[in-house]
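Please build the complex by placing chains B, C and D on the supplied structure of chain A, with the hints as guidance.
4 protein chains.
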Amino acid sequence: MTSPIEAGVIERHNASLRADHEADFHSLGERLARRGLDADALVDKVARFTVAVPSWGTGTGGTRFARFPGPGEPRGIFEKLDDCAVIQALGRASPAVSLHIPWDKADPAELKERADALGLRFDAMNSNTFQDHPGDPNQPLSYKFGSLSHADPAVRDQAVRHNVETIRIGEAIGSRALTVWIGDGSNFAGQSDLSRAFDRYIESMKRIVEALPEGWRVFSEHKMYEPAFYSTVVSDWGTSLMAAQELGTKAFCLVDLGHHAPNTNIEQIVARLIRAEKLGGFHFNDSRYGDDDLDAGSIDPFRLFLVFNELVEAGERLDRLEPAHMIDQSHNVTDPIESLIRSGAEIRRAYAQALLVDRAELRGLQDEGDALLASDRLKAAFRTDVEPLLAEARRRAGGAIDPIRAYRASGYRARVAAERPAVAGSGGGIV
Amino acid sequence: MTSPIEAGVIERHNASLRADHEADFHSLGERLARRGLDADALVDKVARFTVAVPSWGTGTGGTRFARFPGPGEPRGIFEKLDDCAVIQALGRASPAVSLHIPWDKADPAELKERADALGLRFDAMNSNTFQDHPGDPNQPLSYKFGSLSHADPAVRDQAVRHNVETIRIGEAIGSRALTVWIGDGSNFAGQSDLSRAFDRYIESMKRIVEALPEGWRVFSEHKMYEPAFYSTVVSDWGTSLMAAQELGTKAFCLVDLGHHAPNTNIEQIVARLIRAEKLGGFHFNDSRYGDDDLDAGSIDPFRLFLVFNELVEAGERLDRLEPAHMIDQSHNVTDPIESLIRSGAEIRRAYAQALLVDRAELRGLQDEGDALLASDRLKAAFRTDVEPLLAEARRRAGGAIDPIRAYRASGYRARVAAERPAVAGSGGGIV
Amino acid sequence: MTSPIEAGVIERHNASLRADHEADFHSLGERLARRGLDADALVDKVARFTVAVPSWGTGTGGTRFARFPGPGEPRGIFEKLDDCAVIQALGRASPAVSLHIPWDKADPAELKERADALGLRFDAMNSNTFQDHPGDPNQPLSYKFGSLSHADPAVRDQAVRHNVETIRIGEAIGSRALTVWIGDGSNFAGQSDLSRAFDRYIESMKRIVEALPEGWRVFSEHKMYEPAFYSTVVSDWGTSLMAAQELGTKAFCLVDLGHHAPNTNIEQIVARLIRAEKLGGFHFNDSRYGDDDLDAGSIDPFRLFLVFNELVEAGERLDRLEPAHMIDQSHNVTDPIESLIRSGAEIRRAYAQALLVDRAELRGLQDEGDALLASDRLKAAFRTDVEPLLAEARRRAGGAIDPIRAYRASGYRARVAAERPAVAGSGGGIV
Amino acid sequence: MTSPIEAGVIERHNASLRADHEADFHSLGERLARRGLDADALVDKVARFTVAVPSWGTGTGGTRFARFPGPGEPRGIFEKLDDCAVIQALGRASPAVSLHIPWDKADPAELKERADALGLRFDAMNSNTFQDHPGDPNQPLSYKFGSLSHADPAVRDQAVRHNVETIRIGEAIGSRALTVWIGDGSNFAGQSDLSRAFDRYIESMKRIVEALPEGWRVFSEHKMYEPAFYSTVVSDWGTSLMAAQELGTKAFCLVDLGHHAPNTNIEQIVARLIRAEKLGGFHFNDSRYGDDDLDAGSIDPFRLFLVFNELVEAGERLDRLEPAHMIDQSHNVTDPIESLIRSGAEIRRAYAQALLVDRAELRGLQDEGDALLASDRLKAAFRTDVEPLLAEARRRAGGAIDPIRAYRASGYRARVAAERPAVAGSGGGIV
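Residue numbers (our numbering), protein chains in the order written: chain A, 41 to 471; chain B, 41 to 471; chain C, 41 to 471; chain D, 41 to 471.
Treat the hints as calculated values from the structure; they're not laboratory data.
These numbers come from a predicted model, not from an experiment.
It cannot be assumed that every hint is accurate.
Each pair may be met inside one copy or between any two copies, as identical chains are not told apart.
[Said to hold, decoys possible] Straight-line distance between alpha carbons at most 20 Å, and here's what the computed SDA-like set of lysine to any residue pairs gives:
1. 152 - 261
2. 85 - 73
3. 184 - 461
4. 184 - 197
5. 184 - 316
6. 184 - 110
7. 290 - 67
8. 246 - 49
Just chain A, same shape as in the assembly:
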């Protein structure tokens, strides 16, 4: 297995931090033991938890106003895979990559080979019918007025075919799921028939479901708004659930943490979808205003913890669902590799904290109506600094105790900046 990070970097880095880390891990272990928890068992659980990184997340993101690229932007899927390998080498939380078609289109055999060489595998595939792809012979018709729900059956056919093609690529590289997010909707009341648009979406999705190989799942991803600003065809989890119900046993709902109305209690949506046996997976990120796509846990870390609290609480009910964990973020002002390493760690942090909750005790307090102690017990888990558990999980897997520091020490970014030509800062002119 090749690695874009020189072997000695992590070793030297860890050696320099070892003493302090061991002291912290030991002291945390003692405190946890007092609560009846075994630090080593927790490290094992954390180590088994992974989250896929999005190929498109390795490039600098932007807004409709501008994009400000950094040095060493990956120029194609193979350079993106290199970057993903760096993330995994240091953070050890992200062995899988989620591809976006047509952005990442390439020979499947080469993709597979390159991923194998880097020790990566492929998670859910993402199709793209929210953009036109000028020059693509497979897309003669525009998605300006919709794709899977377009009024014109020819556009719907084209969009269905694109999704089927995405599945086929995924099949060839070992993926097992397709995530469908469409931008279909309308900007004006009256522009679109709210009911018929949804009918057409369902009809198109049925054809995609029919094309799914054995063992595959499809995730319908809802979003409140953007790019459409009056109505969106799949705008909320209720609509997503209706779709998954009609589409049958291979169809599930995907929860992106930034796709909800203001003030929404997202963890309760997670609980509802588990109960409906339709929770398919997550797009992790954080946000304050809209679909801000910020780094997971950066705006409201308690919310992220509460989502994981539901997942841990669900216990065996979740085993049947095996939700897919993916990151979906836009890294506008940071080095994307750093943000993805950190986000993997933040997601694991929320999981680790949720593991600390004494479920039996909590249930007892809930049943007694002891709101104060019940909430305190949950908060106590959240405010436990589990960093030593995360670091130990990384260390044992060959990763870095402090992966950001190790990454900076590695000189990777400077090296690829020298190899990859600079991209001009784009001034979109879209306001």
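Only chains B, C and D this time, still in chain A's reference frame:
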């Protein structure tokens, strides 16, 4: 039939406005004719559309901070019915009243007799397990920590029994539906198990459904928050739909216009519930911030129109559902009778405007992707001043051309203020 | 004066609609007369009200996900001016254009000459430091981490110089104001020092104010979020007011209708800024979710009316302020010319409706605490269909009774589509 | 000094926890020392930080739907003071109480004497013109349509007199500030003149400011909505700032954490008010939807931390302002004493975490545009479990290591429940 409004009042009032009204109706008729619409047919449709008033809406509402009663507050259900009869006599849009138990508990035979005498009938019944009713022997246990979803089965039993009792009263007075809104939820993360609480709600509701007489429906009413401020068991339409699906063919979802997250596209929820064949009815009101319970159409009249646009658009699909139309408002600074008369008219206004849309033309524009003209056609219907149609519908039914003015001329409020003792302005001390 | 619209088009179009229009205008006049209002006087007032169009609004807008251009996109400022002349020729509400530098950079003399020939003039200038302009020798430093508030004084200098250059261009073409909107802010708590960033903004703005010619004003435009998603330096009207106060008598606040938090009462902000004598002007548009930049009046027409109600209510206090009226919209799914014609009309509609309010009567009802009648009087003005007044104002000024229909009849879009090469649908890849 | 908690309770409780606490404090001290921080110095700083409790917070709160009292509700201000003494005895964070007039009206000498005996003092006074107080001879006129901004000067006079009376009581008991929160606003567009209402508010406040004794401050407290649902006279910090500017050097702005629009960045408002030298103080609580008045730090603990981050960051600039720290919460489902003890601790927790930030390092990262490390350093402070510091600060001051557990062990609630008659669960009937 007795009427609390002297017969001559409306007659004299209408006579004084007749000439102007006829001119306006005629001129509007000409403009509508140019668009291929028949004013008389529209008046007929409008006249057939009615909306139930809530018994509790006849008293002055308030907030947790204070309630400022007006003169002549009704002291019980029979005086409330008198006030409802005034609303109907003048506005002719509200022949039915929706009761709230135990607030309106009384001998069913007397209720029926009084309503008959006033020319009123009873719409959906409302149960109440969001409050404790001190001294009520049927409610020994507190709802502080929930009702239908309470952790304690004894509390759930009590809440179910209360709902069954409410159904029985409704049966005796000719109602055909039960609206269930519960305040169950939690104020702290951890206080309540989000999944088990919903399981218990479903289990309790199943027992209520079993108690429904033939031909009855039950409406589950969701609400984002308040009185619970962290989580609410039935918080959104997705949860309400899951409930209605599990509860079977008698269970439907009720949409209160003020119970949604900020920025929510309510008309699309209406469209989705029609498609799912689970739209049970509406609680009409308006709001800007939360469940403000303001007068229908007072904050965002275009939104109210768009809801009716979906209802008219649904056409025959809606005939099977026959959604219940009810007002649910809190009249804090107005004479409740005036607000309810006006709200009935505003709701009819939205309906009348929606009737003006040329559905075939709109569909054509939608299919062509002509966003601008499609939205303009819809807006043209909205900006048509249909007041003469509404006034004519009232007039033909024996109501007032300008019902607020006629009400003020009637002296009703002063008369009941003399009969009904003043209520002290309450300073709740709940902040 | 040259016009891109053939003279006979409007004439023929108006002739075909004349009879119906006159009947409608006459009948509305009668109804207004009954309320003591003179239709001709209203037409005059409406005709005097104009709103500037943004040069950038003539091209198809988009989102970070995609932009779907239409046929005949203008390739530069001169073609944009042609399109603006069409808007004015038909709608007669927009004799002025607002430029954006560097997008519209050109020889000022040529700009002036072309505008004169088309019968247009220039409204407020807009600077742009929210994007990098690759290849521009005046912008060697990146705005990735801010512009006027950047931690590095060299970047601030550069941004100040750009604003001064924008003023100079404006001076040469007859503009009298500069609008400053910056995207400065941060995506993470901690990334930026919230206080020092504002200090630096003020310091930079002081230098811009010093560069303002006699008689010029500068508008600070606040926005809650986007492109920054954790904090924004000038995020709300309170911050904008603090800035305008510190910057002195030439500095004012600009209100963009889509730049506020959810549920905000915008008309009250307008009232506050009038009282503070700091209302500089407006960017009109409409929105439901965020800075959606939809067509004015398309989402919440009542809100637009209420803004104008404050302007009319302010009366003479406003005369001193002379707020600038500009449109700022993103036309993603319509022909931009059509949207801008319509938006000008919608803005005038709101103004015309506000003129109908009997201010003395309203004040009396307010002072008596007659909430119901006060709100009804306001709503009565809003629901008056003033289209005949708007059409007559256009007609008398040489414009089209139905400008959208006349525009379509003119064949302008097809003509420019033949002249201007098609632009590829961009797939930004920024998600 | 009398104490409602038996002396031995805390002693015995602390003894039982001593060993573990000392181990935790020691181990935290070592980790902090590695970051250059001195645990003892931090304990001292934390110990000096206090937050006033609201007298009204000792009773169970509620909503417009219901209030569910617990056992042993305090019946008047003297029993409330007893409860406050318990909070302080155990938590040692709240030596001061904030009174609400007329709710807490009593002989000032008796109030002072009782507080002295309990070791308490009085923080800012709160007036109340958002309710009518039936039977109060000082309030013959209703506040239904406003108080300080009422259209009728007689009502304004009455409201001003009430505020002056509140100041006089405060003077007699050693308070130094008056907090003015009014519910004035409107429920309908048109009901109120947005500008004149604010003019009248300013005029009334000027008279209150004139009545302030030497050394006193007045805090204007803004709130977005509730009890008014269309407009609120003092709705946002911009309005509050305008008021404080006009009212002069004794007038400041109070920030209640729950009184903002959805998604608002509150810490930036704090930074702005510090810069404007107008930050008067805080009402601490937490909320997700509106003015939910939940326990501080229970919904979004990171947000609370970020507010304190601004306070610590402001450093000496804040010394001149000396903002008042008060809790304002509604305890609907918990024992109010427990919630207030916990909230005091949560507020101190946020303060303690903010003290951990290396300001020089952070500033350096900010100036370099190192968004990732800057945000990580801040997050590292937040995720440090400072509970041992808080416990040690309590312990050294004579309080309880685990104050909730000690409180439960004390039997205080059961004892007062036996003395104080049960209050009936109120069913407001306000919906």
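Okay, the hints, checked on the actual structure:
Proximity of residue 152 to residue 261 under the C-alpha cut-off of 20 Å is found in neither arrangement, the shortest distances being 26 Å within a copy and 51 Å between copies. For a Cα distance limit of 20 Å, the shortest separation of residue 85 from residue 73 inside one copy, 16 Å, qualifies, whereas the shortest one across copies, 31 Å, does not. Proximity of residue 184 to residue 461 under the C-alpha cut-off of 20 Å is restricted to the inter-copy arrangement: shortest distance 19 Å between copies versus 32 Å within a copy. Taking the closest pair of Cα atoms, residue 184 and residue 197 come within 20 Å of each other only inside a single copy of the chain (15 Å); across copies the shortest separation is 41 Å, beyond that limit.
With identical chains, the CA atoms of residue 184 and residue 316 are never at most 20 Å apart, being 34 Å at best within one copy and 28 Å at best between copies. Proximity of residue 184 to residue 110 under the C-alpha cut-off of 20 Å is restricted to the inter-copy arrangement: shortest distance 10 Å between copies versus 30 Å within a copy. Taking the closest pair of Cα atoms, residue 290 and residue 67 never come within 20 Å of each other, the shortest separation being 46 Å inside a single copy and 51 Å across copies. In this assembly of identical chains, the alpha carbons of residue 246 and residue 49 never lie at most 20 Å apart, being 50 Å within a copy and 49 Å across copies at closest.
Comparing the model with each earlier hint shows violations of hints 1, 5, 7, 8; every other hint is respected.
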